[in-house]
Structures are given as C-alpha cells and as structure tokens.
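If you want the building blocks of each chain, they are given just below.
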Amino acid sequence: MVAELSRDEVLRAAKADYKYGFHMQEADYTFKSGKGLTPEIVTKISQMKNEPEWMLKFRLRSLDIFNKKPMPTWGNTKMLEDIDFANIHYFVRATDKQGSDWEEVPDSIKQTFDRLGIPEAERKFLAGVTAQYESEVVYHSIREDLEKQGVIFKDMDTALRENEDIVRKYFGTIIPPADNKFAALNSAVWSGGSFVWVPAGVKVEIPLQAYFRINTENMGQFERTLIIAEPGSYVHYIEGCTAPTYSSDSLHSAVVELIAQPGSHIRYTTIQNWSNNVYNLVTKRAVAHEAAKVEWVDGNLGSKLTMKYPAIYLMGPKAHGEVLSIAFAGEGQHQDAGAKMVHFAPDTTSIIVSKSISKDGGRTSYRGLIKVYPEAHNVKSSVRCDALLMDEESRSDTYPTMEIEEKDVTIEHEATVSKVGEDQLFYLMSRGLTQEEATTMIVNGFFEPFTKELPLEYAVELNRLIAMNMEGSVG
Amino acid sequence: MTDRTTVDTIARETVEGLTARLSEPSWLSESRMRAWEAYFQAPMPTDRDEGWRGTDVGAIDLSKLKTYTLSKTVQCEKPLLPNWFETALKHFPNRGGVLFQSTSSDCSFNLNAELASKGVIFCDIQTAIEKHTDKIRPYLEAAGNSVEEGKLSLLAKALFNCGLFLYVPRGVEIDVPLFYGINLDDVLAGGALMPRLLVVAEDNSKASLAYSVGSERGEASGPLSLLSQYAEVHVKPGARVTFLELQQYPDSVFMVNRSNCLVDRDGRYEALTLALGGRQTKSDIATALRAPGASSEILGIVLGDEGQKFSFNTIQDHAASDTKSDINFRVALKDSSASTYQGIVRVAKVAQRTDAYQSNKNLLLSAKAKADSIPKLEILADDVKCAHGATVGPVDREQIFYLMSRGLNETVAEELIVLGFFRQVLEKFNFPYAVNWLGEEVSRKILGANDSENVAAFFQDAE
Amino acid sequence: MSKTPILVIKDLHVEVEGKEILKGVNLTVNAGEIHALMGRNGSGKSTLSYTLMGHPRYHVTKGEISYKGQDLLSMSTDERSRSGMYLAFQYPVAIPGVSVSNFLRATVKARRGKDVPVKEFRKELKECMAKLGVKDEFLSRYVNDGFSGGEKKRLEILQMALLKPDMALLDETDSGLDIDALRTVAEGINALSTKDNGMLLITHYQRMLDYVTPTFVHVMQSGQIVKSGGSELAHELEAQGYDWVTKEHASTATV
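Chains as they are written, first to last, in this note's numbering: chain A, 1471 to 1945; chain B, 1024 to 1486; chain C, -16 to 238.
Extracted from the complex, chain A is given alone in its bound form (with noise of 0.2 Å):
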C-alpha cells in the first residue's frame, strides 16, 4: 500500500491526464444483430456460434422464461420501466478472429483500453487478460504457467467448445434461468464472459483480469462467468469496467456463478464504472461448500441503475461468505446494491461490509438478506453498513432483512447514515488542505477498508476516479 502523501499525490498527477467521456470512432463490426428480440434471433446467436443443441434448447427455454416473468418489485421499479427491450441489439461480434497476443487485437480496440488510463495496471498482467470488447473475447491469453498447473481461463464460448463436459455439469446450475427476470435474458442471449477451473490443490498467485467495454449504442451486454475452483485451491478474479457516454441507455446483464469446493477460496473483485446511462442489473451467486472461503469485493461507481446484490450458499460446515462493496451515486444515479449470506450449514460464518457516498442528487440503497436455516448451529453472521450523504439533494436508504430460523446463532446488524463531520473537515483544512482535498481525503478513508482490499493499480484507479467525481462537489 502507498503512503497516504505519496498516494495524493498520485492521484492529483493522475487527474490532470485523465479523460474519460470520450467516444471512440464505431468499431469495424462484423456482425450486429437486429434490435429486439426473438427466438430467431436466439437461434441465430446460438447458430453463430456453431453451439450444441443442449444450448440452444436452454437459450430458448430461458427466452421463455424471460418472457413470463414479471419486472422485479423492488429496487428502482420506475427506472426499469424505461427499458425498452425491443429497442437493444442482442449481439454484436467486433472481430472475427480472437486475438491471441495483444499485437493481434485491433489498433481502434487498442486505443479504447489506453483512453482508459488503466492499461499499464493490466499489462503487467497481459497473459492473463481476458479482455471482452463488445460482445465477444478479443483478446485472451494464458500465461504458461498457468496452463502448466492446469488451470484453464478463456473466454466462456470458447470453453462451451473446447470444454463442454464440465460447462453443461455447472453452467446454471448456481443460477437457473428462472431465478429472476434478468437472470432469465441473460441465459437466452449470453455471449463472453469468463470461464475459470482451478484443479485441486492449485492456488493461481496471479489475479485473473477481464476488462469489459460496451462501445455499441443500445448495445446489450450479456456476458456468462463460471468459476468453479477445485477442493483446497485458490483464485483471484478481477473484472473492471469502463464506459464512454452515450446518448441513449445501454443494458448490462451478466451472471456469475462461482463455486467453491470444500477448503477452496475464491475472490472475485468487481471495479464498476459503466457510463451514467447503463443499468447494470446482475446476477452473481457463489455456493461455498465445507471449508471453502468466498469473497465478493464489489465497487459501484458508475451505471445509471445498478442492481447487484452478490450472494454467498454457505452448503458446507465451517464455510465462510465475505461482501466487501462500495457504491457511489452521483447525478441521476442509482446504486441499488447489497449482498445475500444463505447459511445452510452449520459452523458458517460470514460477513458484509457495505459502504456508500451519495452526491449530486444520487441515490444509494443497501439492499441485503441474512437467513439462517435451522440446524445451522453456531452461524455468525455481522453486518455493518455505513453511508454518507455529500449533499441535500441526495439519498440513502438501508434495507436489510434478516431472518433466523435457528437459536444457536450470533447475528450483529449495525448501520449509520451521516454526513461529513465538520470537525474532520476543519481539522484538515487547518493543515492547509483546500475544502475539496480534506473533503476527498475523508471519502477516501471513508472507502479505505474496500480499496485496501485491492492490487495498488486498482487503488489508484478507484481514488482517481472518486477524484474526480468528487470535483465541483464542495459548494
């Protein structure tokens, strides 16, 4: 971790360079679908591919039950009626060809992960980079060592090609169609997304990294995740996103299932900033099974609506769930996160740490369930949400449920909402700080348990980016 002078003044020299509402030139597509949706379309996205029929048929069972299920309830019900769903166009190839070393992804692609700012974080990465670019992989490789220790990291439509077994054992299995509305347009028009298997016993040191980028006006984003990691093995996921603006909405819908097998660990962290028009509406579900260590570390800045709530199956014995997230809504946003601990088992432990900044009108609601079956003696389960408010016009909402059907059981919910203290912003301002530095140096603490949490050049992203939005805040 950098020293917090050092990393100041890091952030004060990256804000000067970076620009990020920028729109590339259209990309050269070679194929985009027609907007709307229809079983032709699904058939023609599994065709494309050249899919097993077994896909297909649940492609169109899921556009099925797309179909019948109703909008969700909850959560921002009146920005979801604004989407249209005839008006997205359900898949958009870039390139034909994946790229298998980053000299062979496209210049115009290229330009987009530099405009970004963040590429030298990742290239020291590159071979482990799954980058998606539209709809589909463009670049994808695999350092040698990881494919020496077995470990398999690609593209999900490669893995449905080249590793179909052990795909049609996991895939929706964690999360079937049926499990909610968006869950169910997901499994019908999915395409990329990560696919990661870790062999028993392996414990992968270098995080795995997908970038995701939507480029396409009205342009959905469907991508599949399945991690599945092997008994006593280990693996780090990061996926960042970044977004240009555009002038009408954009619809990101992914799943990620994840599973652990008894003593396994896995992380997967989450770096979200789509542009301030794309809801972000995602399913993520892990099951931990006995032993096993799940850890969602989840950061939402950007999007107009995000409804994420990561969830944790704690199936076996002495399994333990952590949710570490943050949100930050600025102008007509809306973080609609939070985070499910399902304890089945008994012995299982979890935690959730949940943060979030409202500015500008911005609205950030915690949103999170923590059941307890019976016979799962001994579950400790702390809950600990604390929101500030930067402004007047903003809001916060906390909804937490719990529901404990098991005497034996520690459960510790805590949540407070405040606003910047008065007393720490003069505190700083004594030593010199102009109002937007102590006021951007309090945020950044106030986030310091999520972004300790993450690889430096992702911290120094995240506080860029804070940084900047928080520019113009003090009034």
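You can take every hint at face value.
Below, in silico cross-link-like pairs of lysine to aspartate or glutamate (EDC-like), each with a Cα-Cα straight-line distance of 16 Å or less:
(1) 1391(B) x 1845(A)
(2) 1408(B) x 1861(A)
(3) 1391(B) x 1873(A)
(4) 1174(B) x 1072(B)
(5) 1408(B) x 1862(A)
(6) 1391(B) x 1875(A)
(7) 1889(A) x 1406(B)
(8) 1850(A) x 1419(B)
(9) 1850(A) x 1882(A)
(10) 1372(B) x 1861(A)
(11) 1357(B) x 1878(A)
(12) 1372(B) x 1863(A)
(13) 1141(B) x 1226(B)
(14) 1357(B) x 1875(A)
(15) 1408(B) x 1884(A)
(16) 1889(A) x 1378(B)
(17) 1391(B) x 1878(A)
(18) 1788(A) x 0(C)
(19) 1372(B) x 1830(A)
(20) 1372(B) x 1862(A)
(21) 1774(A) x 1554(A)
(22) 109(C) x 119(C)
(23) 1372(B) x 1345(B)
(24) 1889(A) x 1401(B)
To be clear about the criterion: a stretch of chain C counts as covered by chain B if any three or more of its residues have a C-beta under 8 Å from a C-beta of chain B, and this derived list gives those stretches:
(25) 62 to 70
(26) 75 to 81
(27) 89 to 99
By construction, these hints were calculated from the structure, which means they are not laboratory data.
Positions of the beta carbon are idealized from the N, C-alpha and C atoms, including for glycine.
Knowing the structure of chain A, use the given hints to seat chains B and C on it.
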C-alpha cells in the same frame, strides 16, 4: 344494553345499518363510509405478505363477523372492574381517571373532578360523539384512509364499535395517569371487537394514558376472534403524551393494530407496547414528527411462548428539521414462537439535523423459535445522524456461565438475563409506577405463576 | 496437627478447542493456606482457574480433581459455586439490565440455600461495602456494565466477601488496579482468609504479594507447575525474572 349482530363487512349496507342502529349523525356515517371504501379497496393480506408469514389470517371470514356495540358508559364513583384490570390499577397509587368498557356488564368510568372542571374530556367514543361533537368531529372527519394502513385496521376505522376519546385542553397538565380497559370476554369464540381511540393533547398540555384489552378467560382453542383497533394521537405544539399499551390476550385472539401519532412543534410522544401476545399480534405504529423540535420515543417489549406470533412494524417519519426519534424493540422468544420486526425511518429532504436511532434486539430461547428483523432507513436529507442496529442470538453463554458460577441453575440464570434485557427498555419509559406493573407481568410470564416471590422481587428496586 | 486438604489436583490435562494447554498439573491446597500461582501470560494460569470453575470450553482430557473430598469434575459450575468454590474473574462480563443488588441477593440465596431477609441482607451488604470502600450507588447500577477495571475488581471481591468461599480462585485480581485500590482489595483478601478455607492467587506480578503473604508460591510454565517454594520465591522471581526459572527447569529436565 349490548347489541350483537353477525355482519357482512364486505357489504356497504353494513355501514348504513350500523349508523342507523346507533342513530348516528350523517357526518359520522359519511366518515365511516369513506373508511369503508378504503377498506373495501385494500387487498386482504395473505400469509405470503411480509409480516403475515405463517399466520392464519385466512381463517378470518370478513363476510361473517360477529360484531358488538358496547354500551355507553356512565359516570360513577366506584367502577365495576374485573380482576385483571384491578390488579393492574393496584400498582398506581394516584389515578386521574378510569374508563372501562364491556359487553357483558354495565360499563363505567370516573374522572377526577378537578380534571373535569379544567375541561378534560375522558369518555367512550359514542358519548363523545353525542356530547362533545364540536371537539371530536373535526378529527373523525379529517382522518385519512390510506390503503397503506392495512385492510384490517381500516375495518376498525369504518366499523368501530367501542373506543375512547381523551381531550386535554391547552396548558392543562395531567400528572396522574388515566386508564382505559376493554373486556374481551364475550367477544371470544368468533367475535370481533373494533375499538377506536382518539387522543388530542392541545398546546403545552400533558397526559399519560395506559390501555389494555383483556379477559379473565384464557381460551386457547375454539374459533378465532378478531381484535382490530385503530388509535390516533395528536400531540400539539409543546404537548407531551405518554401512551402505554399492554397486549395480553387469550391464545384464540388475532390482534391487529394501527396507531398514527402526529407530533407538532416541540411536542413529545412516548409509547411503550408490552406484547405478551395472543395467537397473532400485528401492530403498526406510525409516528410523524411534523414540525421542528418534535420528538418521539417508541419502545417495545415482546415476549413470546408456545406458538405465538408477533409482527411489529414501526413507521417513523421525520418531516421537519431538528426532530429526534428513538426506537427500541426487544424481543425474547421461547418454544416455537416467532417474531417479525420491521421498522422504517424516513427522513424527508427538509428534515435537516434529524437525529434518529432504531434498535431491535432478539433473544432466541429455544431451538424452534424464529426471529426476523428488517430495520430500514430512507434518508433524503444530508445533515443527519441516523443509525440502527439489530441483533439475533441466544442468551450469551458467558453471562450464563458467570451466573452459574455464582450458584444459579441454568434456567434461573437465563430468566434473570431475559428480565434484565427487558428491564433496560422498561426503565427508559417515563411513566411512574409502570415498571413495577409491567415488570410483574413479564416476570409472571417468564417465571410462571408459582414463583410469585421472585416475580415481585426482580423489579422492586426499580423505582 | 493434621492438614485438611480442600483442593487436590492430580495430573490435570486440559484442552481448549482441541489444543492442549494444561499438561499435567499437580497441586494441593489445604485449609488455611494461600497459594500464589505465577507465570507468564499464556502459561495456563487462567485455564486452570476456568477449568476449576467448570467453563464449558475447557475439556479435561486426563487427571482428577478432588474438592473437599468430592469429585469436582462431576459437578456443574453452579454446584461448585454452591459448595463454596469461588472464582474472581479476570474479565468479568457485563449483565446489562440486572442491578448489582438483585444479582447479589440471588447469589447469596443460591450459596446459602435459603432466602436472606431483606433487612438482614442489607445490613450485611452495607458492612461489606463499607470495608471495601464501595459506594451505595453501586447497587443500582447494572452488573459490570460500564464499570471501570477497578470497579469490576471490587465487585468481584465484594461477592467473595458475601459468599464466604471455601476455596477462592483469584484470577489476576491485581491487574489494572492502582496502588490504593490494590491495598483495599488485598486487605479484603486477607480478611477473608481463614484457617478453614483455601485460596489460590493467580498473578503475573509479585506486587500483590507485598500485601498478601502466600504460604506457597508456584511457577507455571507451558501448562505445568515447574517450581514451587515459599513466599521468598516471589521475590526471587521479581529480581531475576521468569527466564531464570526457564533455564533452571530446562537444566533439571535434561538431568
């Protein structure tokens, strides 16, 4: 005289029939009709709805409710009271007045003559409608009928058949508590009782009211009876109102409550519900702090055993700046009892410098007990101090070990800890002598009737 | 004059969460004796006190304990207390909502097997409180809730005075006390020590022993008593430190 009828509450004619029978004025029947329209529109709760889970709400047939109209009360020096109510009153050496309503005997009330001379009104709602029309009419006419209040509470607004009117004039401070009781005896076995309570405390006045519906009889089986009540409290600028409710019913009683309290500038409202249950208790307590300086404290103690079910819902609205609220609900559950606590604190955009605290703690005393807790916050102002906390768990093993290391057996140790857990809430409540009374009721339920010595002892040093 | 053993511990092995902490402790406390048990943090001193009081987390895997001729290990925690075993906790827990006076009355009733008339109890309580310098307002507070360290320790000694134990275990009762409080507490301990009861003082430092003179001093290390002696041993330890015992024990072990 008591009027007993089986009515179809879903039929409009029922309201008309009721007002005709009671020869009510047209403004009242119109007010009842408006409430009935809202009732008719509101959906019937199902056991899938939050707060109604696992209940047999469907067992109530709204088309065949046996309702009663309770007699008007008469002023008398020595009211006739059943034992359970006398026992409660014994704890209070000084009383401002007692009002008791019953289906089976003459009902009665007395009010301290000095208070009456100051213009305090304390009588049953029928009498108030006849004799104090100018005071009560504006409130009955202005009452909103929001579907949010719930179908069964709206029913009480439309078809109330008993109730209370307490009016405290400007500047009158009543330092001695008032008591209102209703006898449930004859309503058991399939009847419905629908009280409506209205309390108006004018500017800078002060009053304390204790309220309980009870019965000598303890039918656990037999047809389900419905107790549906609606209470409205107006705390005008600078006024202080303390409201205490003991909920202790036979196990065949299904109870639904809605209370709306409106607190004006610098007013203060304090309420405590001691819920010892019936078969099902569903209570919504809404408090609106409408002007700067208003404050409220809403306390709850829930002690469940056997198959009892509880559902409490606090709705705390901060609609103005510099308002303060404190909510504290403590729940202990034995056997297969279950509790759902839901609470929402809403802070409006204008409500700067709000200070709101909400706490819900649950002790599970049995492997079959079940507790849900849903404390919610919706904050639209920025300069606020809002926090909430919730816990669920068994009695702390270290506390039990400590007490056992001092020679107490495990059962006694646990009981002592539960009593202490409740006492912390009771002691926050500013109602003279109430701790003794409520402490005794709680102790009796925890310790059983046999351990009367300890029942009396535990809270003795409290005041 | 023959000695009456109160507590006899033989080859005691204790596990906590699967880990063996006590590895063969032998100790006999006779009536009229004060034993001091010293040792570094983590040597197993507190484990011994919790085990003697029957804390459910501590599992005896081997050995036996005889208390006033009875099998202590077959007794529940409250039975032990009622028969005169007393532990002054190092970190007493808070019991919110339970007043000290209610609590004390309940414990005295349990120990004596009958209710004490309120008046009589009050009188006895006031006397004990006066001796220990405990203020009246103490009684209406909740047990250990928001108490300072010194207040907690005084309440522990107050309980001891009321319960008149046959065997008292004082776990680091001196820690966190200023010198005046320490003197008061020590005086209380001296006053409560009789020819009929036994005491085990568990302590890290010898400063308590400036005020309470032990009959025997034992040094505990890695779950065993490695050295025993008279009260002079405490001073040697103070002067030379625990390393001295460690070395000596290592050399005797290899002989």
